[in-house]
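A.B. asks: For reference, the chains in residue letters:
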Amino acid sequence: MMTGQPIAEGLFTWPTDEPQLLGARCRDCAATTFPSQSGCPRCTGRSMDVVTLPREGVLWSWTVQGFRPKDPYIGPKEFAPYGVGYVDLGDVIVESRLSEHDRERLAIGQRMRLAIVPFVTDDPDAHWLTFEFGPVNDSDEGE
Amino acid sequence: MDAAIVGIGIHPFGRHAAMSGRDMAIHAVHQALADAGIQWRDAQFAFGASMDGGQPDTLVSELGLTGLQFVNVANGCASGGSALAMAEIAIRSGAYDLGVVVGFDKHPPGAFNADPEEHGIGRWYGETGMMMTTQFFALKIQRYLHDYGIERRLLAQVAEKAFRNGEMNPNAWRRRALSVDEIEQSLMISDPLTQYMFCSPGEGAVAFVVCRGDKARTYSDRPTFLRAVSHVTRKFGSFEVFSPWLSPERGSSPSADGARRVFELAGIGPKDIDIAQIQDTESGAEIMHMAETGLCEHGEQGKMIDAGATEIGGSMPINTDGGCLANGEPIGASGLRQVYENVLQLRGDAGERQVPGEPRTGFTHVYGAPGISACTILTR
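Each protein sequence line maps, in turn, to chains E and A. Take the position in the first sequence, starting the count at 1, then add 1; the result is the number in the working numbering. Take the position in the second sequence, starting the count at 1, then add 1315; the result is the number in the working numbering.
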């Protein structure tokens, strides 16, 4: 298993061999958020429970970041493009970095799976971990 | 009581190294006061909008210390529209007869960099590179193109129109027409959107003198009337800037809600509109907002654009001053620029970009993070 520290507390279960994102579901109306929050954005109630979210979903939309973001971005000064997308997990559609940034290999509708990966920075003492989704396998693309 | 716009002022948009945001605001206010034939001391109230240009109410040190009510308004890219909406309510309520609205800004070069924690989102969201307005617009149009089978080439066509209109606007920032090829082949910012399909944060100022409708002719022989103004925030199920998650239960957007409301209030429909200025933060936003605001059906945009409907001489001229794409986006002023353009067009003062046929009814729509929309309907 990867060593390092999650980029933020409460985003995903860790350490574990089968990590999952942590969201919140409303006890009254079942609205689901990511990350977790205490108020329900749908029914305005205050009965949200922290829940684990499915590890696989379907790519809902995608793009490729083509330039280095400003602060508070902490990625390397030497910029490399990265994919960003929304993945439909059934009860909630989550935004995530993608393992893939080749536009020819990204398509709405393809199956995606969660992974916990190192988030590389220029600080040699930092060992951050973050979440990303990647295609389940190439032959599933476009389904 | 409808509110009327009886004075308009603008400082050209773009980059002005020698001028502060406040300088531009004062320029625009003086122009608007002169247009209405009044002095600053006549104004009973003011609403001001600016994010990076300075604190609006401090303009009184230069304009005059008259003791008037001056409220600062901040609503992201919709700030200017919000300020005008508040002024309209101040008049409609009967509390005031005559006041000023001013929006101005002066942003540093490059993309906006919003602070995640100010938006109630963890810092990780920005640290890992997802707190980007550019990504949102790309993700939204990517899905939209897929859902409605809209051709990608339209993205460049919309930008091409914007710069062509901007060339005819002496107050625009980008005044050189660009070809579809130049736009498509510019730097890929966030797939499918290239550099010239995006507007840039910039500088500029717009001001209005507003008054009770029944007193409009005291100040102007060509008043325009704010028939309706709406201002809404997002509802559950919408898809907005800076959203770490969306609901699979898809709902209407604040742009759709704001437009529906303003048409209801005015008692007219999109078919009654002669000219429209809608938020085109990037060219895909113009395409999506055309349908969200009810100016066409979802999926109909390609047919309309190819038929020239959105051109200055078309059946539904859109963003006749070059929009955000050609003017840039000083967010305090941006929503007011749209209204300024409609006033010019309704007065018949738009010069070489004048919409033919003496337009009578104008629509504006501004959209801001994280899901705010302000719309107006203006008539003469």
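Hints listed in this document are in silico derivations from the structure and should not be mistaken for laboratory results. Positions of the beta carbon are idealized from the N, C-alpha and C atoms, including for glycine. Honestly, I wouldn't trust all of these hints.
Chain A regions said to be covered by chain E (calculated; three or more residues, Cβ under 8 angstroms) [what the hints assert, rightly or not]:
| # | region |
| --- | --- |
| 1 | 1422–1436 |
| 2 | 1552–1562 |
Anything over 12 angstroms on all C-beta distances counts as not near chain A; from chain E, calculated [as the list claims (entries may be wrong)]:
| # | residue |
| --- | --- |
| 3 | THR14 |
| 4 | GLU19 |
| 5 | GLN21 |
| 6 | ARG43 |
| 7 | SER48 |
| 8 | GLY86 |
| 9 | VAL93 |
A.B. asks: Now tell me, hint by hint, if it's right for this structure.
C.D. replies: Verification of the supplied hints:
Check result for the region 1422–1436 of chain A against chain E: holds, 5 residues qualifying (beta carbon to beta carbon below 8 angstroms, three or more required). Figure legend: the region 1552–1562 of chain A, annotated as covered by chain E; annotation consistent (5 residues with Cβ-Cβ distances under 8 angstroms, at least 3 required). Against chain A, the non-interface label of THR14 of chain E holds: every CB pair exceeds 12 angstroms, the least being about 16 angstroms. Non-interface status of GLU19 of chain E relative to chain A is upheld: no Cβ of that chain comes within 12 angstroms, the nearest being about 21 angstroms off.
Under the 12 angstroms C-beta cut-off, the non-interface status given to GLN21 of chain E relative to chain A holds; the minimum distance is some 15 angstroms. Non-interface call for ARG43 of chain E relative to chain A: violated, since the shortest CB-CB distance, roughly 5 angstroms, does not exceed 12 angstroms. No Cβ of chain A approaches the Cβ of SER48 of chain E within 12 angstroms, the least distance being about 16 angstroms, so the stated non-interface status holds. The Cβ of GLY86 of chain E sits about 7 angstroms from the closest Cβ of chain A, inside the 12 angstroms cut-off, so the non-interface label is violated.
In this structure VAL93 of chain E is not separated from chain A by more than 12 angstroms, as the shortest Cβ-Cβ distance comes to only about 5 angstroms.
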